[in-house]
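If you read the protein sequences in the order shown, they are chains X and H. Heads up, the first sequence is in the numbering used here, so the first residue is 14 and it goes up one at a time. Heads up, the second sequence is in the numbering used here, so the first residue is 14 and it goes up one at a time.
Rather than coming from a laboratory, the hints here were simulated on the basis of the structure. What you are looking at is a predicted structure, and each value in this text was computed from that prediction instead of being measured. The reader is advised that the hints may include incorrect statements.
No copy labels: a pair is met if it fits in one copy or bridges any two.
Said to hold, decoys possible - As a list, the in silico DSS-like pairs of lysine-lysine whose alpha-carbon atoms are at most 27 Å apart:
hint	residue 1	residue 2
1	Lys364	Lys237
2	Lys378	Lys277
3	Lys164	Lys277
4	Lys314	Lys146
5	Lys354	Lys381
6	Lys153	Lys237
7	Lys237	Lys363
8	Lys378	Lys312
9	Lys237	Lys277
10	Lys146	Lys277
11	Lys388	Lys335
12	Lys310	Lys378
13	Lys354	Lys40
14	Lys277	Lys335
15	Lys363	Lys310
16	Lys164	Lys237
17	Lys364	Lys354
Protein chains: 2
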Amino acid sequence: MKATGIVVEYNPFHNGHLHHLEQSRVKTDSEVMIAVMSGNFLQRGEPALVDKWTRTKMALNAGVDLVIELPYAFATAQASDFAKGAIFLLDALKCKSFCFGSEEGSLRAFLHTYELLTENEASYNLAISTLMKEGISYPKALNEAYKLVSKDVSVPLVDLSKPNNILGYHYIEAAQMLHTQIQPKTIQRVVADYHDDAKASETIASATGIRKILFDDNDLSAIKPFMPTTSLDALNEWQSTADSFGSWERFYPLLRLIILRHTKESLAQCAEVTEGMENAIWNAATTCITFQPFMEKIKSKRFTWTRIQRMLTHIYTEFTWKQLREIELPTYIRPLGMNQKGQAYLQSIKKDLQLPLVSRVAASKDNKLLQLDIKAANLYYLGLQSSYGQQMVGSDFRIAPIRI
Amino acid sequence: MKATGIVVEYNPFHNGHLHHLEQSRVKTDSEVMIAVMSGNFLQRGEPALVDKWTRTKMALNAGVDLVIELPYAFATAQASDFAKGAIFLLDALKCKSFCFGSEEGSLRAFLHTYELLTENEASYNLAISTLMKEGISYPKALNEAYKLVSKDVSVPLVDLSKPNNILGYHYIEAAQMLHTQIQPKTIQRVVADYHDDAKASETIASATGIRKILFDDNDLSAIKPFMPTTSLDALNEWQSTADSFGSWERFYPLLRLIILRHTKESLAQCAEVTEGMENAIWNAATTCITFQPFMEKIKSKRFTWTRIQRMLTHIYTEFTWKQLREIELPTYIRPLGMNQKGQAYLQSIKKDLQLPLVSRVAASKDNKLLQLDIKAANLYYLGLQSSYGQQMVGSDFRIAPIRI
Numbered sequence: 014m015k016a017t018g019i020v021v022e023y024n025p026f027h028n029g030h031l032h033h034l035e036q037s038r039v040k041t042d043s044e045v046m047i048a049v050m051s052g053n054f055l056q057r058g059e060p061a062l063v064d065k066w067t068r069t070k071m072a073l074n075a076g077v078d079l080v081i082e083l084p085y086a087f088a089t090a091q092a093s094d095f096a097k098g099a100i101f102l103l104d105a106l107k108c109k110s111f112c113f114g115s116e117e118g119s120l121r122a123f124l125h126t127y128e129l130l131t132e133n134e135a136s137y138n139l140a141i142s143t144l145m146k147e148g149i150s151y152p153k154a155l156n157e158a159y160k161l162v163s164k165d166v167s168v169p170l171v172d173l174s175k176p177n178n179i180l181g182y183h184y185i186e187a188a189q190m191l192h193t194q195i196q197p198k199t200i201q202r203v204v205a206d207y208h209d210d211a212k213a214s215e216t217i218a219s220a221t222g223i224r225k226i227l228f229d230d231n232d233l234s235a236i237k238p239f240m241p242t243t244s245l246d247a248l249n250e251w252q253s254t255a256d257s258f259g260s261w262e263r264f265y266p267l268l269r270l271i272i273l274r275h276t277k278e279s280l281a282q283c284a285e286v287t288e289g290m291e292n293a294i295w296n297a298a299t300t301c302i303t304f305q306p307f308m309e310k311i312k313s314k315r316f317t318w319t320r321i322q323r324m325l326t327h328i329y330t331e332f333t334w335k336q337l338r339e340i341e342l343p344t345y346i347r348p349l350g351m352n353q354k355g356q357a358y359l360q361s362i363k364k365d366l367q368l369p370l371v372s373r374v375a376a377s378k379d380n381k382l383l384q385l386d387i388k389a390a391n392l393y394y395l396g397l398q399s400s401y402g403q404q405m406v407g408s409d410f411r412i413a414p415i416r417i
Numbered sequence: 014m015k016a017t018g019i020v021v022e023y024n025p026f027h028n029g030h031l032h033h034l035e036q037s038r039v040k041t042d043s044e045v046m047i048a049v050m051s052g053n054f055l056q057r058g059e060p061a062l063v064d065k066w067t068r069t070k071m072a073l074n075a076g077v078d079l080v081i082e083l084p085y086a087f088a089t090a091q092a093s094d095f096a097k098g099a100i101f102l103l104d105a106l107k108c109k110s111f112c113f114g115s116e117e118g119s120l121r122a123f124l125h126t127y128e129l130l131t132e133n134e135a136s137y138n139l140a141i142s143t144l145m146k147e148g149i150s151y152p153k154a155l156n157e158a159y160k161l162v163s164k165d166v167s168v169p170l171v172d173l174s175k176p177n178n179i180l181g182y183h184y185i186e187a188a189q190m191l192h193t194q195i196q197p198k199t200i201q202r203v204v205a206d207y208h209d210d211a212k213a214s215e216t217i218a219s220a221t222g223i224r225k226i227l228f229d230d231n232d233l234s235a236i237k238p239f240m241p242t243t244s245l246d247a248l249n250e251w252q253s254t255a256d257s258f259g260s261w262e263r264f265y266p267l268l269r270l271i272i273l274r275h276t277k278e279s280l281a282q283c284a285e286v287t288e289g290m291e292n293a294i295w296n297a298a299t300t301c302i303t304f305q306p307f308m309e310k311i312k313s314k315r316f317t318w319t320r321i322q323r324m325l326t327h328i329y330t331e332f333t334w335k336q337l338r339e340i341e342l343p344t345y346i347r348p349l350g351m352n353q354k355g356q357a358y359l360q361s362i363k364k365d366l367q368l369p370l371v372s373r374v375a376a377s378k379d380n381k382l383l384q385l386d387i388k389a390a391n392l393y394y395l396g397l398q399s400s401y402g403q404q405m406v407g408s409d410f411r412i413a414p415i416r417i
């Protein structure tokens, strides 16, 4: 069976995701679609709207055949490590190709860009570090440096100021660096701008836009046009049992407690906390009662909002620089759910897998990366501050991969 | 002006405390009554019912002239260190005497007991450690060892199985060990048994008993007979602003979060966590949704309930063995409140004080012990999980000593 991989967060699953899924299947002519999906914390350094099980259900109901958890250490990492973890897993799962959504839409442009930056690596990196010394953020420095090295190039290149293009670039880089045979493909996103919080069309809105509508209106019917019925049903079911959606606004009282238990010195040991941000974070926590003012207080032109949120995620989960530095590649394949086709595929490749297949976490509970996933899941549930959240602690040990 | 010191928690202030206060003043013929009072966490390893400012108001309204905070590191310590911190402060405050309530009531018995145990220190300690190796708790071992060394003694001795007698013993020991001139006095408690949770009389109940009534009935009118009106008023005011009373039941979801952020190894670095208790605590937190079952799961005949609660307090406040071992004696005098007489007294001794007087914490914010007090206060307020609690974070910097 021919399988294609996609890298997803599905926070929540919407019509744009459905389009990507269906087009990926067509474009690659694949029987099996495998999604590597983040757990309860996401790459933007945020708790997910709903837990990984609910998002797995959304994925399966929409036609994904097999959902594999991207371990916490990669799911919450900067783009290059996020991509490395995801592509490594898709390759380990014997996918023939992976297909990512991008603002660009043409693979050629990505390959040209990868070639250009590899050839000019030294001057590109020098430009980045020079620019960062002026106090601008990493993504801005990347962008400026990219303009410099690409200014006289005639072949089509990717606009690396677009978030999905950046991720796509890193997928291609990861596939190269890991010496995989997996074939990259790309599909143009139907929502042009990830940050777009307006309704792009009658039926398509970005996940960010959907979450904004949901939190602003506090009404699931407002997001109904933008997602399959099965996704909406899953959100409805979550709301009725879990009592609250995951967000930093919701988690903030706990994050605040955690920050104020730290000294500034010990805060600086949390992964990604750097350049005196421990002071800004600690000071803001002493005075700010809600999340938005807290973020306004600590934001800095040196760091993107996303990067700061990743610091907060690692503070919240007690994930340290030391742990971050020890991480190399995923060390297991953990299915969160599958349909019959996904199950048959997994059966067919089982004997050739180079990584252990973790269906019951109890059997692999000494695996350090897996312990992080379990811990992050537990802390996510406690962050919900609801009776359901309290009950879901330890659920990784109780919930078997979902089968539909 | 002649001053006498008392060591209090006032959790909450009740008629038995009033009796002790008035009798202490009479017995010592003192003009000024100074209370060294715990902050927001108590010696039994619990969050206080109401914060230190509310308890200070109760004390002042009942006739205490000056309230001084016993720093967190001593307020939540085992009896000998608790006593050492308190007596050191009363001595530093130039008190001529201190007067403690005890089940015993006769100072002579305390002095005899102190003499006996000092003379037989080696055999007493040997007996304790031998008994503890059999797996019984420290207080039980003390008690058994005490029976051994006192069995042929004819002078009156103190029954060291009673909690206030134990504390009293440690006050006397501290006064001796610190080479103070401060005179000990004792008054028999009108509630015979600290652990008594029934109503001992129409107007007297222990603080433990009062808290039990309060939490069981959830009705302040039920405890009205047992306390001065001003105390009840203060509790009423607290309830209407703070929304909840401090208790482990209330704090448990946050404690659980904190425990599950730890590894078992790092839990063992929290003060007082010893002998594999980190495993018991971590495992119980993964499964227990409320505090009582959690405690039932980790209780052990090696440790008293109180000792386990102290472990939890230190886990909650991130207070480590390393910090505990570095602590020697209080390093400042922090008034929480005073009446005019207390203020005049403080004025009169001010120039002779050996310790800095901290009226504004901002000026002493680098003091490590004071940082612990501020942190413990903040975490207490966050533990309340109410809007008031969120607002009270940092209040140590904003609230001046109360004056009435």
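Going down the list of hints, with the structure as the test:
Taking CA atoms no more than 27 Å apart as the test, Lys364 paired with Lys237 passes in neither setting, with 42 Å inside one copy and 73 Å between copies. For a Cα distance limit of 27 Å, the shortest separation of Lys378 from Lys277 across copies, 14 Å, qualifies, whereas the shortest one inside one copy, 32 Å, does not. Neither within a single protomer nor between protomers do Lys164 and Lys277 lie at most 27 Å apart by alpha-carbon distance, with minima of 43 Å and 54 Å respectively. In the homo-oligomer, the alpha carbons of Lys314 and Lys146 lie at most 27 Å apart inside one protomer (12 Å), although the nearest pairing across protomers, at 60 Å, exceeds that limit.
For the identical chains of this complex, Lys354 and Lys381 are neighbours neither inside a copy (31 Å) nor across copies (61 Å), given an alpha-carbon limit of 27 Å. With identical chains, the CA atoms of Lys153 and Lys237 are never at most 27 Å apart, being 36 Å at best within one copy and 65 Å at best between copies. Taking identical chains as interchangeable, the C-alpha atoms of Lys237 and Lys363 are never at most 27 Å apart, the minima being 39 Å within one chain and 70 Å between chains. In the homo-oligomer, the alpha carbons of Lys378 and Lys312 lie at most 27 Å apart only across protomers (26 Å), although the nearest pairing inside one protomer, at 37 Å, exceeds that limit.
For the identical chains of this complex, Lys237 and Lys277 are neighbours neither inside a copy (44 Å) nor across copies (44 Å), given an alpha-carbon limit of 27 Å. For the identical chains of this complex, Lys146 and Lys277 are intra-copy neighbours only, at 24 Å inside a copy versus 40 Å across copies, given an alpha-carbon limit of 27 Å. In this homomeric assembly, Lys388 and Lys335 come within 27 Å of each other (Cα to Cα) both inside a single copy, at 17 Å, and across copies, at 26 Å. Taking CA atoms no more than 27 Å apart as the test, Lys310 paired with Lys378 passes between copies only; the shortest distance there is 22 Å, against 39 Å inside one copy.
When the C-alpha separation of Lys354 and Lys40 is checked against a cutoff of 27 Å, the pair qualifies only within one copy, where the shortest distance is 19 Å, while the shortest distance between copies is 87 Å. Taking identical chains as interchangeable, the C-alpha atoms of Lys277 and Lys335 lie at most 27 Å apart whether they share a chain (17 Å) or sit on different chains (17 Å). In this homomeric assembly, Lys363 and Lys310 never come within 27 Å of each other (Cα to Cα): the closest approach is 50 Å inside a single copy and 41 Å across copies. Taking CA atoms no more than 27 Å apart as the test, Lys164 paired with Lys237 passes in neither setting, with 44 Å inside one copy and 81 Å between copies.
For the identical chains of this complex, Lys364 and Lys354 are intra-copy neighbours only, at 17 Å inside a copy versus 84 Å across copies, given an alpha-carbon limit of 27 Å.
Violation of the numbered hints given earlier is confined to hints 1, 3, 5, 6, 7, 9, 15, 16; the remaining hints are satisfied by the structure.
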